[in-house]
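Student: Just so you know, the protein sequences line up as chains A and B, in that order. Residues in the first sequence are numbered consecutively from 192, following the working numbering. Residues in the second sequence are numbered consecutively from 192, following the working numbering.
These aren't lab readings, by the way, just hints derived from the structure by calculation.
Identical copies look the same in the list; a pair holds intra-copy or inter-copy alike.
Lysine-lysine pairs mimicking DSBU-like chemistry, simulated, CA-CA at most 35 Å apart: (1) K281 <-> K484; (2) K436 <-> K484; (3) K465 <-> K484; (4) K401 <-> K436; (5) K281 <-> K482; (6) K410 <-> K281; (7) K436 <-> K465.
Protein chains: 2
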Amino acid sequence: MKKVVAGIDVGGTFTKFGIVDREGKVYADDSISTDAHMDIEGYLDQLAGSIRKLLEESGEKVELQGIGVGAPNSNYYSGSIEYAPNLNWKGVIPFANLLGSRFSVPIAITNDANAAALGEMIYGSARNMKNFIVITLGTGLGSGIVVNGEVVYGHDGFAGELGHVIVHEDGRHCGCGRKGCLETYVSATGIKRTVYELLARRTEESELRKIPFDKLTAKNISKAADRGDRIALKAFDVTGRILGKSLADVVALFSPEAIFLLGGLAKAGDHIFKPAKAYMEKNLFNVFRDKVKILPSGLTKANAAVLGAAGLICKEILD
Amino acid sequence: MKKVVAGIDVGGTFTKFGIVDREGKVYADDSISTDAHMDIEGYLDQLAGSIRKLLEESGEKVELQGIGVGAPNSNYYSGSIEYAPNLNWKGVIPFANLLGSRFSVPIAITNDANAAALGEMIYGSARNMKNFIVITLGTGLGSGIVVNGEVVYGHDGFAGELGHVIVHEDGRHCGCGRKGCLETYVSATGIKRTVYELLARRTEESELRKIPFDKLTAKNISKAADRGDRIALKAFDVTGRILGKSLADVVALFSPEAIFLLGGLAKAGDHIFKPAKAYMEKNLFNVFRDKVKILPSGLTKANAAVLGAAGLICKEILD
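Isolated chain A (complex conformation) (with noise of 0.2 Å):
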């Protein structure tokens, strides 16, 4: 009998879930709808059901023996996605609750960030480290921070917000209702909006002059600086200084062993992980001079977040 755990990454669209050993090996996977659904019950009763066939169609003989979630704005003291802005589900939803009274396992839940690290720190590229950040730049930027060999929740279970630490005073508007945050600059929004400022700002031809901005993505901005683009490589320096700067800062913090980029924005490579470095080197303490790395994940599948979601599951049961 091969002991599992399920994970499950719930996004704003789509819900996708996994069967995972503590190797990483996934059995199998599949996804449903999350936005088609406007009542918890009847998505929980789908997703129970779902993963209830993959534990039958595992091949072999299988016994799950936790489950881990990561989804948006999800405490993990108290197992609940709270006014999560992007989902159907409003107010406090007690999912960690709901989902274990279809299931007699543990369950945990929580931020997509804090999974991700989770995931490197069980199967991918800090299996071995006690210390290490990961930051996500998406559609905005989300941390996952370990220190000692935990994640790092605080007292009331939101912390490592990164994203939401002010980099310029009165600077731009922030979803959050505040100014200036950090992921109003790096995420791949963050970058769109630099790309806007520097057309604004300056006349040099450039192909992103073509694009609408609803239509322009990290990507496209990656792809105009491969071929050279002087907007696009100046959005990138202006990013990965922004980047930098607070990732110095971190490291006066946490002096951790790495900090791993993922998500969009981290998929341009060296366009945004060299100026990250070299402006983080620049500005810090001199005692952490050339110590930090800034590592790519070490979870290149297409499931590093229902891995993620895994791992947060496997760290509670192997502890």
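Dock chain B against chain A, hints included.
Tutor: Just chain B now, kept in the frame of chain A:
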């Protein structure tokens, strides 16, 4: 036989030490000169002799179980004091090993802010807290950060350098060789610099115009503020604003239950606590609002630093 530990606080001028039990009762204490000793071996001989004398004088029968040391620029992992600018002993001093050759008990060393955090956790106002931060506002700004009940040392032992987060690009010169570090604004020295900047910029009468820079202290400024001196009041507002904004960022990362302010500048009481709290709340990410306490130390005795060092080794032994 009462079980006790020794706590040692290595300052640039004096070294204070005491015999302490697990409840924080100080049986005996004393001090020796630090800076009169150019040679570390001679210093440690005197220190060890003085500690042995205290153990004999402790009144009842005591059994030494360990020694904790708080010292500048010290590394918890290596047990060394490394390149301390304010001590006579240059380079890397294997302090714990050298002291260990004089006593056959466990010895641990950390910097003064981490020791202060452990003192609050073992004996002070953080006794029931798992996530909190201690900030020492003296000549510089030190920080001891506790996550999940453990001090954050980070990968290399030097985590918790909040004083060297950069708050103003190209700002005030810092002793670390960079510019704009938080401690150049928020510390006993930082507020002096702010007073001088205000005296240069503004025209109000102020009793602080009579005090040369080298004689000015946080205490002078606090006394002037008590009497309604407008430059002094403004200096506290400026200092509290910069501190409060930095605390908001720190809360976003760590989600602490409380932040303790200690040291010379913290003795100004409401002059610094009130603006720090107000500006922190104003800048907080919404999920953290009205949750985080800003508190004074629960260790009000003169030997708080000795208790902190004792707390370090008590924590080791208890774990």
